[in-house]
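Be aware that the sequence shown starts at 127, since it is given in this note's numbering, and climbs by one per residue.
Everything labelled a hint here was simulated from the structure, so no lab data went into it.
Keep in mind the model is a prediction, meaning the values are calculated, not measured.
Just so you know, even glycine gets a beta-carbon here, dropped at the ideal spot from N, CA and C.
Incorrect hints may have been included.
[Said to hold, decoys possible] Label pairs and their in silico Cβ distance ranges:
| hint | residue 1 | residue 2 | range |
| --- | --- | --- | --- |
| 1 | VAL269 | ASN248 | 17 to 27 Å |
| 2 | GLU244 | ASP161 | 17 to 27 Å |
| 3 | SER270 | GLU177 | 16 to 26 Å |
| 4 | SER270 | LYS159 | 32 to 42 Å |
| 5 | ASP166 | GLU255 | 14 to 24 Å |
| 6 | SER270 | GLN203 | 13 to 23 Å |
| 7 | SER176 | PRO268 | 31 to 41 Å |
| 8 | THR169 | PRO247 | 17 to 27 Å |
| 9 | LYS129 | THR169 | 17 to 27 Å |
| 10 | ILE262 | GLU181 | 26 to 36 Å |
| 11 | GLU260 | SER176 | 31 to 41 Å |
| 12 | MET266 | THR164 | 25 to 35 Å |
[Said to hold, decoys possible] Once the Cα atoms are required to be at most 25 Å apart in a straight line, the calculated SDA-like pairs of lysine to any residue come out as:
| hint | residue 1 | residue 2 |
| --- | --- | --- |
| 13 | LYS235 | GLU181 |
| 14 | LYS216 | LYS235 |
| 15 | LYS234 | LEU219 |
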Amino acid sequence: KLKKNALFIGVLPVATTIADESDGQHSIIKQIKKDLTTLDTMTLPVQPSSEIIGEIVKNAEKYQQVVLCTYNANIYQSQIELIDKLSDMKIELHVISMRNPYDLHYAKKIENYVCIYEYTPNSVRALLEYLRGELIPKGMIPVSYE
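Using the sequences and the accompanying hints, generate a full structural model.
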């Protein structure tokens, strides 16, 4: 459940395979600002630079809870660097994978993890329901980690 002092970091999608429909035009941030008006937001490029990661980490210090959406973080490894830096902080971190479910394999530590598997209008609606506490995710990730 979202805390009152929470930050939402939404990634902008890019088509990385022919299976992707995302072109960056459908933004989670726009929906969050429209539907969850009290939630602070930041936009994350799919390949954040060290400077952007530093800015996000510095900004995250002001919050009790951070919800970070990732997109193919196994391909865009700087997203994993951001996950690792945020998980070292004294905040409640929730990672929402908007595409591939491999963040757990590459990150040092993720305690709260949800996989959406796609970045579509329907999945964004489901994410909003989850953030409002109206949807409890069920299921298992279809990969195993060793």
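Taking 25 Å as the top limit, are the C-alpha atoms of LYS235 and GLU181 close enough? Judged against 25 Å, a Cα distance of about 21 Å means the pair holds.
Taking the beta carbons of MET266 and THR164, is their distance inside 25 to 35 Å? Since MET266 and THR164 have Cβ atoms about 33 Å apart, the given range 25 to 35 Å holds.
Please verify whether LYS234 and LEU219 have alpha carbons no more than 25 Å apart. Given that 25 Å is the threshold and the Cα spacing comes to 13 Å, the pair holds.
Check whether the Cα positions of LYS216 and LYS235 lie no farther apart than 25 Å. holds, 13 Å
A range of 17 to 27 Å was offered for this pair. Does it hold for the Cβ distance of VAL269 and ASN248? Hint holds: Cβ distance 23 Å, inside 17 to 27 Å.
For the hint 14 to 24 Å, verify it against the beta carbon of ASP166 and that of GLU255. holds, 20 Å
Beta-carbon spacing of ILE262 to GLU181 - inside the hinted bounds 26 to 36 Å or not: The hint (26 to 36 Å, Cβ to Cβ) holds, given that ILE262 and GLU181 are roughly 33 Å apart.
Kindly confirm whether 16 to 26 Å is satisfied by the beta carbon distance between SER270 and GLU177. About 36 Å separates the Cβ atoms of SER270 and GLU177, which means 16 to 26 Å is violated.
May I ask you to test the hint 31 to 41 Å on the CB atoms belonging to SER176 and PRO268? Given about 33 Å between the Cβ atoms, the range holds.
Holds or violated: the 17 to 27 Å window for the beta-carbon distance between THR169 and PRO247? holds, 18 Å
Is the distance from the Cβ of GLU260 to the Cβ of SER176 consistent with 31 to 41 Å? Cβ of GLU260 to Cβ of SER176: about 37 Å, so the range 31 to 41 Å holds.
Pairwise beta carbon distance, GLU244 to ASP161, judged against the given window 17 to 27 Å: holds, 19 Å
Going through the hint list in order, the structure does not satisfy hint 3, though it satisfies all others.
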